[in-house]
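Colleague: The primary structure of each chain is shown beneath.
There are 2 protein chains.
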Amino acid sequence: MDSVLKFIDDHRERFIAELQQWVRIPSISALAEHTPDVERSAEHLAHELRALGATDVQVWPTARHPAVFASFMHAKDKPTLLIYGHHDVQPVEPLGDWRSPPFEAVQHEGRLYGRGTVDDKGQVYIHVKAIEAFLRTTRGKLPINLKLLVEGEEEIGSPHLGDLLRTHAKTLSADYVCVSDTAMYGRGMPSLCVGLRGVISFELQVHGPETDVHSGTFGGGIANPANALARIITSFHDEKGRILVPGFYDDVVPPSDQERETITRLPHDDNEWLKASGAKSCFGEEGYSTLERIWTRPTLDINGMASGHFTEGEKNIIPRTAIAKLSCRLVPNQTPETIHAHLTKHVQRNTPPGITVEISPPEKGALPYVADTTHPIFNTARRAFQKAFGKETILMREGGTIPFVHTITEIIGKPTLMMGFGQPDENSHAPNEWLGLDNFHVGIKSAAWLYEELGKEE
Amino acid sequence: MDSVLKFIDDHRERFIAELQQWVRIPSISALAEHTPDVERSAEHLAHELRALGATDVQVWPTARHPAVFASFMHAKDKPTLLIYGHHDVQPVEPLGDWRSPPFEAVQHEGRLYGRGTVDDKGQVYIHVKAIEAFLRTTRGKLPINLKLLVEGEEEIGSPHLGDLLRTHAKTLSADYVCVSDTAMYGRGMPSLCVGLRGVISFELQVHGPETDVHSGTFGGGIANPANALARIITSFHDEKGRILVPGFYDDVVPPSDQERETITRLPHDDNEWLKASGAKSCFGEEGYSTLERIWTRPTLDINGMASGHFTEGEKNIIPRTAIAKLSCRLVPNQTPETIHAHLTKHVQRNTPPGITVEISPPEKGALPYVADTTHPIFNTARRAFQKAFGKETILMREGGTIPFVHTITEIIGKPTLMMGFGQPDENSHAPNEWLGLDNFHVGIKSAAWLYEELGKEE
Numbered sequence: 072m073d074s075v076l077k078f079i080d081d082h083r084e085r086f087i088a089e090l091q092q093w094v095r096i097p098s099i100s101a102l103a104e105h106t107p108d109v110e111r112s113a114e115h116l117a118h119e120l121r122a123l124g125a126t127d128v129q130v131w132p133t134a135r136h137p138a139v140f141a142s143f144m145h146a147k148d149k150p151t152l153l154i155y156g157h158h159d160v161q162p163v164e165p166l167g168d169w170r171s172p173p174f175e176a177v178q179h180e181g182r183l184y185g186r187g188t189v190d191d192k193g194q195v196y197i198h199v200k201a202i203e204a205f206l207r208t209t210r211g212k213l214p215i216n217l218k219l220l221v222e223g224e225e226e227i228g229s230p231h232l233g234d235l236l237r238t239h240a241k242t243l244s245a246d247y248v249c250v251s252d253t254a255m256y257g258r259g260m261p262s263l264c265v266g267l268r269g270v271i272s273f274e275l276q277v278h279g280p281e282t283d284v285h286s287g288t289f290g291g292g293i294a295n296p297a298n299a300l301a302r303i304i305t306s307f308h309d310e311k312g313r314i315l316v317p318g319f320y321d322d323v324v325p326p327s328d329q330e331r332e333t334i335t336r337l338p339h340d341d342n343e344w345l346k347a348s349g350a351k352s353c354f355g356e357e358g359y360s361t362l363e364r365i366w367t368r369p370t371l372d373i374n375g376m377a378s379g380h381f382t383e384g385e386k387n388i389i390p391r392t393a394i395a396k397l398s399c400r401l402v403p404n405q406t407p408e409t410i411h412a413h414l415t416k417h418v419q420r421n422t423p424p425g426i427t428v429e430i431s432p433p434e435k436g437a438l439p440y441v442a443d444t445t446h447p448i449f450n451t452a453r454r455a456f457q458k459a460f461g462k463e464t465i466l467m468r469e470g471g472t473i474p475f476v477h478t479i480t481e482i483i484g485k486p487t488l489m490m491g492f493g494q495p496d497e498n499s500h501a502p503n504e505w506l507g508l509d510n511f512h513v514g515i516k517s518a519a520w521l522y523e524e525l526g527k528e529e
Numbered sequence: 072m073d074s075v076l077k078f079i080d081d082h083r084e085r086f087i088a089e090l091q092q093w094v095r096i097p098s099i100s101a102l103a104e105h106t107p108d109v110e111r112s113a114e115h116l117a118h119e120l121r122a123l124g125a126t127d128v129q130v131w132p133t134a135r136h137p138a139v140f141a142s143f144m145h146a147k148d149k150p151t152l153l154i155y156g157h158h159d160v161q162p163v164e165p166l167g168d169w170r171s172p173p174f175e176a177v178q179h180e181g182r183l184y185g186r187g188t189v190d191d192k193g194q195v196y197i198h199v200k201a202i203e204a205f206l207r208t209t210r211g212k213l214p215i216n217l218k219l220l221v222e223g224e225e226e227i228g229s230p231h232l233g234d235l236l237r238t239h240a241k242t243l244s245a246d247y248v249c250v251s252d253t254a255m256y257g258r259g260m261p262s263l264c265v266g267l268r269g270v271i272s273f274e275l276q277v278h279g280p281e282t283d284v285h286s287g288t289f290g291g292g293i294a295n296p297a298n299a300l301a302r303i304i305t306s307f308h309d310e311k312g313r314i315l316v317p318g319f320y321d322d323v324v325p326p327s328d329q330e331r332e333t334i335t336r337l338p339h340d341d342n343e344w345l346k347a348s349g350a351k352s353c354f355g356e357e358g359y360s361t362l363e364r365i366w367t368r369p370t371l372d373i374n375g376m377a378s379g380h381f382t383e384g385e386k387n388i389i390p391r392t393a394i395a396k397l398s399c400r401l402v403p404n405q406t407p408e409t410i411h412a413h414l415t416k417h418v419q420r421n422t423p424p425g426i427t428v429e430i431s432p433p434e435k436g437a438l439p440y441v442a443d444t445t446h447p448i449f450n451t452a453r454r455a456f457q458k459a460f461g462k463e464t465i466l467m468r469e470g471g472t473i474p475f476v477h478t479i480t481e482i483i484g485k486p487t488l489m490m491g492f493g494q495p496d497e498n499s500h501a502p503n504e505w506l507g508l509d510n511f512h513v514g515i516k517s518a519a520w521l522y523e524e525l526g527k528e529e
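Protein sequences appear in the order of chains Y and Z. Here the working numbering runs 71 ahead of the position in the first sequence, where the first position is 1. Here the working numbering runs 71 ahead of the position in the second sequence, where the first position is 1.
Pulled out of the complex, with its shape left as it was, chain Y reads as follows (with noise of 0.2 Å):
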């Protein structure tokens, strides 16, 4: 390994720059106007492999934006890795809160600042490169198969990778799969991370008078949609947070004594975690941590609302209609389909006289997910961060959801790796995004080490 790794200090300032050209296209999935950026940054990245000697490289179409496959399978009766990815990028609004424009790739203070630096290109690149150290060195070859599959709608919520896995499910077949695209658990602390949470969106419509009426003629005779809205949103919760839809907790499965006790250990303030979001104080669930609340607990959450007027200057009515966006979060063993029943019943029973409800069928819904830590797929992936970093790892949930993760963890059989090389104050869709450098270099070798000692395995 001596090579590979010198490899990867001599040509550290090189991989920077090459990232810079990749993170200067920008390939934002969800603006129309961006989609032949996103094309560009597909055949940016399918070029590269091609130069690396991949044994495939295709640029996989679908109905709005393309993915990438590449393998390299030279290692014959060797296990075979697939690496996923994304090289599709968020919006950048608000422009002016960015300190340098989000596609100039600019480096500061041993970061790189701008759009998709961590999220995801940056994390991809650690694999490119990390695959480039074993090629461009005498060991000129990989120790075991890659494959890796970077797909271009990530930001969007994947509509079109469920496809992309049923067509193409015989090229994907792997042993194993890596997701790069998590965060540490804080600055120099590799982490793998062994569960996400599910989710469910959907919205309620609630509607009252015909149209909008004088708040004069008929207040207080006929009841307000608005109004209504607002007790069926609190009927959802105690004040402390706890959520009050009965049946809504029946399934979930509380995390081990074991578990627990590693979340107690971690190290944890709640007035740093509290300032990236800027919010005041934290708030939650009596009986429960910070961490536990966020990574084993279920929420619902309104993502948005509206009704009657909002704008300026006032209009004293009596509105026709009130909607509401909301979704849960949902941990092991909740499912999209029962949560919905759950709540569709709640909802009917909250429902005030001379009002009715909508509630949608859920817009996005994805299985919760937490990995079996005892496969031995762990240890290995232990192995190979204590090399690059010499420390231990940190096993780790997220609350956020990887639908892509609990897919291929049923294709596959094994527990997915979430080895990823973020940091938790990234800024990953806000503006000023960036990439810590020195942990871009060290997740190089990081990944390096993974495929070395998964070469290992049986």
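Among the hints, erroneous ones may be present.
Note that the list lumps identical chains together, so a pair holds whenever it fits in one copy or between two copies.
Stated by the list, open to error - For lysine-lysine, the following DSS-like pairs were computed, each having C-alpha atoms within a straight-line distance of at most 25 Å:
| no. | residue 1 | residue 2 |
| --- | --- | --- |
| 1 | LYS241 | LYS147 |
| 2 | LYS346 | LYS386 |
| 3 | LYS147 | LYS212 |
| 4 | LYS311 | LYS416 |
| 5 | LYS351 | LYS386 |
No wet-lab data here; the hints were simulated from the structure.
Using the hints provided, position chain Z relative to the given structure of chain Y.
Modeller: Okay, now just chain Z, sitting in the frame of chain Y:
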């Protein structure tokens, strides 16, 4: 009076045709592009009043839309009646719902359809034509002195009416005031409105995190401002609609037993009443009928609210902020100031940890009004109605607000006569506004009789 009444009968069709001319001027005060139309509408009325031989006619400019003033001061030693109305009209959206164009003033089955037909051009015209009937017959002059104030900003909240009243206090001085801008209790039922609710509008701004944050990363660990706003709004009422804000009802003067009895005896059918709103059922405070609720009880309604992402697609965020626009309808002796103070205290007590709430100063405030119905002016008006309609007068209240009434009543020191000729289902702020032409006709006679009866007063 025979010649006056005969003149009104003989010129019925011409009066309608002349009203149509005025209605065809689209004097929408809320829309800047109609500013010249509001001006044209004022000049049109002023021209007609001059042609009648008024003592004085003036168009009073304001910072936005002009008012028309006219006086007929030929009845020496007789009382002076100030008539208030407005010549501006509501916007017409949604245009597609009109069965005939809003400014064509089409006659159909005894109704005149068009924006402003009943609110308020038709009602102003009732007085103009009653005046004409005295001046163009053998009577030759009015039995009292008359002043008209017809403003051009009623539909935008009368922002300059206070200024006009102060600037022209002397010119406007009068013994009695008559407002014709309300509705009759029912078809063919002459009605005097003896009570109006007041109003206070304000806004709640609820702040949580400094920016919209990821509902996976933070959900369950920090308070969601939209959920917090819903909880605050819900804390305002019990589930039957009674307001729970401490102090809210402290100053409420209940209607007298006599008024409650009068209200109980009025013909009223909740199902008929509901039709005008399209709401599915009545809803409100226990222990009160619908009429009592909308006439004698205060309210606290959401007029609008907004938070986070509420347009197409989903965005799994905890919103940074949530706002609501609210208004209370007030009854005697509530005041905007004390109600605002009670609400502010209540909101502060119901703000969850990690959330800050700003409550705006009152954006619009108007005092409630209830007339002293023992004043002899009510008997005078009843006699006029008896002669015009051959029917007993109904004393009613309205749930809406006319800020002018409280103000002018304080100035004049006598109860304001609200003699309205609208119908409860006349669509006054909605598509297909109409004026009943029989009502218009009998209205002119009622106004003539009112002047005549007032002329007999000391």
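Colleague: Is the C-alpha distance from LYS311 to LYS416 at most 25 Å within one copy, between copies, in both cases, or in neither?
Modeller: Both. Shortest intra-copy (23 Å) and inter-copy (21 Å) distances satisfy the 25 Å Cα cut-off.
Colleague: Checking an output row: LYS241 and LYS147, CA cutoff 25 Å. Within, between, both or neither?
Modeller: within (18 Å within a copy, 104 Å between copies)
Colleague: 25 Å Cα cut-off: does LYS147 pair with LYS212 within a copy, between copies, both or neither?
Modeller: For LYS147 and LYS212, only the intra-copy Cα distance (11 Å) is at most 25 Å; the inter-copy one is 114 Å.
Colleague: What label fits LYS351 with LYS386 when the C-alpha limit is 25 Å: within, between, both, or neither?
Modeller: between (33 Å within a copy, 23 Å between copies)
Colleague: Check LYS346 against LYS386 for me: Cα-Cα at most 25 Å, and say if that holds within a copy, between copies, both or neither.
Modeller: between (38 Å within a copy, 22 Å between copies)
In the structure shown, no violation is registered for any of the earlier numbered hints.
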